[in-house]
Amino acid sequence: MSHSKPTVLIVEDEGYIRRVLEAVLHAGGYRVLSVQNGAAARAGISAYMPDLLLLDLGLPDMDGIALLKELRGWSRLPVIVVSARSTERDKILALDCGADDYITKPFSSPELLARMRAVLRRNAAAASPEDVYCVGDFKIDFVKRIVTVGGEPVRLTQVEYRIVELIARQPGNVLTYRQIIHHVWGPYADVDNNRILRVNMSNIRRKIERDSMSPQYILTEIGVGYRMAEKA
121 MSHSKPTVLI VEDEGYIRRV LEAVLHAGGY RVLSVQNGAA ARAGISAYMP DLLLLDLGLP
181 DMDGIALLKE LRGWSRLPVI VVSARSTERD KILALDCGAD DYITKPFSSP ELLARMRAVL
241 RRNAAAASPE DVYCVGDFKI DFVKRIVTVG GEPVRLTQVE YRIVELIARQ PGNVLTYRQI
301 IHHVWGPYAD VDNNRILRVN MSNIRRKIER DSMSPQYILT EIGVGYRMAE KA
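Per the working numbering, the sequence shown starts with residue 121, numbered consecutively.
Bear in mind the hints are in silico, worked out from the structure with no lab data behind them.
Don't take every hint at face value.
Listed below are the simulated DSS-like cross-link pairs for lysine-lysine, each with C-alpha atoms no more than 30 Å apart in a straight line [unchecked claim]:
{"no.": "1", "residue 1": "K189", "residue 2": "K327"}
{"no.": "2", "residue 1": "K264", "residue 2": "K125"}
{"no.": "3", "residue 1": "K327", "residue 2": "K264"}
{"no.": "4", "residue 1": "K327", "residue 2": "K125"}
{"no.": "5", "residue 1": "K351", "residue 2": "K264"}
{"no.": "6", "residue 1": "K225", "residue 2": "K125"}
{"no.": "7", "residue 1": "K327", "residue 2": "K259"}
{"no.": "8", "residue 1": "K189", "residue 2": "K125"}
{"no.": "9", "residue 1": "K189", "residue 2": "K264"}
{"no.": "10", "residue 1": "K225", "residue 2": "K211"}
{"no.": "11", "residue 1": "K327", "residue 2": "K351"}
{"no.": "12", "residue 1": "K327", "residue 2": "K211"}
{"no.": "13", "residue 1": "K211", "residue 2": "K125"}
{"no.": "14", "residue 1": "K211", "residue 2": "K259"}
{"no.": "15", "residue 1": "K259", "residue 2": "K351"}
Taking CB as the label site, the calculated pair distances span [said to hold, decoys possible]:
{"no.": "16", "residue 1": "G135", "residue 2": "C254", "range": "17 to 25 Å"}
{"no.": "17", "residue 1": "E208", "residue 2": "D257", "range": "50 to 58 Å"}
{"no.": "18", "residue 1": "R330", "residue 2": "N157", "range": "41 to 49 Å"}
{"no.": "19", "residue 1": "L215", "residue 2": "C254", "range": "32 to 40 Å"}
{"no.": "20", "residue 1": "K225", "residue 2": "E329", "range": "43 to 51 Å"}
{"no.": "21", "residue 1": "P226", "residue 2": "T296", "range": "44 to 52 Å"}
{"no.": "22", "residue 1": "G270", "residue 2": "I342", "range": "23 to 31 Å"}
{"no.": "23", "residue 1": "Q299", "residue 2": "D133", "range": "48 to 56 Å"}
{"no.": "24", "residue 1": "N313", "residue 2": "G271", "range": "33 to 41 Å"}
{"no.": "25", "residue 1": "D181", "residue 2": "R330", "range": "44 to 52 Å"}
From the three backbone atoms N, C-alpha and C, an ideal C-beta is built for every residue, glycine too.
Could you put the whole structure together from the sequences, leaning on the hints where they help?
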């Protein structure tokens, strides 16, 4: 993954507000995706692996709090609630259920962007007890989300990067197919069908390994899962 633009998923059913958020985020240098309801949010989180979620609470198919609770059951994806609900009780409930921040409508663009930057900084710091993983010519900068081989950047998709990062956080430890699928694609993925993981791993190895048939970095435990080579 060589781009440094964080991807933000907007979950907002009001068309005008959604377009405003899209414009503000594009101008702020973010990659932007948007959906209108909870079901589409579930699919978007699994498919696109965003770096941040902007969540409205009044969704047409479910309450945003329910989606937040569900998400916190399997993911630490940063979430900022952007809602017209302005009571202290609503804010406390959202924060207690796992929201990283809460901003009420109407909001100012500079304040929203500042809060997003703060949440992303906090999340990067919390997730990176070690900032860099390096073995041989292969290197991951967890803070910048950059993967290099021999000093050259490697372009990974969002999903590919999440797989590599997950395994590299525990070098030497075997992660089973089921564990990886659950952590990357979420609770709605078919953990007994690892074809999607095998396809992504094949693409990853083609990009990072000198010989994808004889990998040096991400090793296969046949019938079990994958492990990252330990640091020298």
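Here is how each hint holds up against the structure:
no.: 1; hint: K189 - K327; result: 36 Å, violated
no.: 2; hint: K264 - K125; result: 10 Å, holds
no.: 3; hint: K327 - K264; result: 19 Å, holds
no.: 4; hint: K327 - K125; result: 21 Å, holds
no.: 5; hint: K351 - K264; result: 20 Å, holds
no.: 6; hint: K225 - K125; result: 25 Å, holds
no.: 7; hint: K327 - K259; result: 13 Å, holds
no.: 8; hint: K189 - K125; result: 27 Å, holds
no.: 9; hint: K189 - K264; result: 28 Å, holds
no.: 10; hint: K225 - K211; result: 13 Å, holds
no.: 11; hint: K327 - K351; result: 20 Å, holds
no.: 12; hint: K327 - K211; result: 44 Å, violated
no.: 13; hint: K211 - K125; result: 29 Å, holds
no.: 14; hint: K211 - K259; result: 40 Å, violated
no.: 15; hint: K259 - K351; result: 10 Å, holds
no.: 16; hint: G135 - C254: 17 to 25 Å; result: 46 Å, violated
no.: 17; hint: E208 - D257: 50 to 58 Å; result: 53 Å, holds
no.: 18; hint: R330 - N157: 41 to 49 Å; result: 45 Å, holds
no.: 19; hint: L215 - C254: 32 to 40 Å; result: 37 Å, holds
no.: 20; hint: K225 - E329: 43 to 51 Å; result: 48 Å, holds
no.: 21; hint: P226 - T296: 44 to 52 Å; result: 47 Å, holds
no.: 22; hint: G270 - I342: 23 to 31 Å; result: 28 Å, holds
no.: 23; hint: Q299 - D133: 48 to 56 Å; result: 34 Å, violated
no.: 24; hint: N313 - G271: 33 to 41 Å; result: 37 Å, holds
no.: 25; hint: D181 - R330: 44 to 52 Å; result: 48 Å, holds
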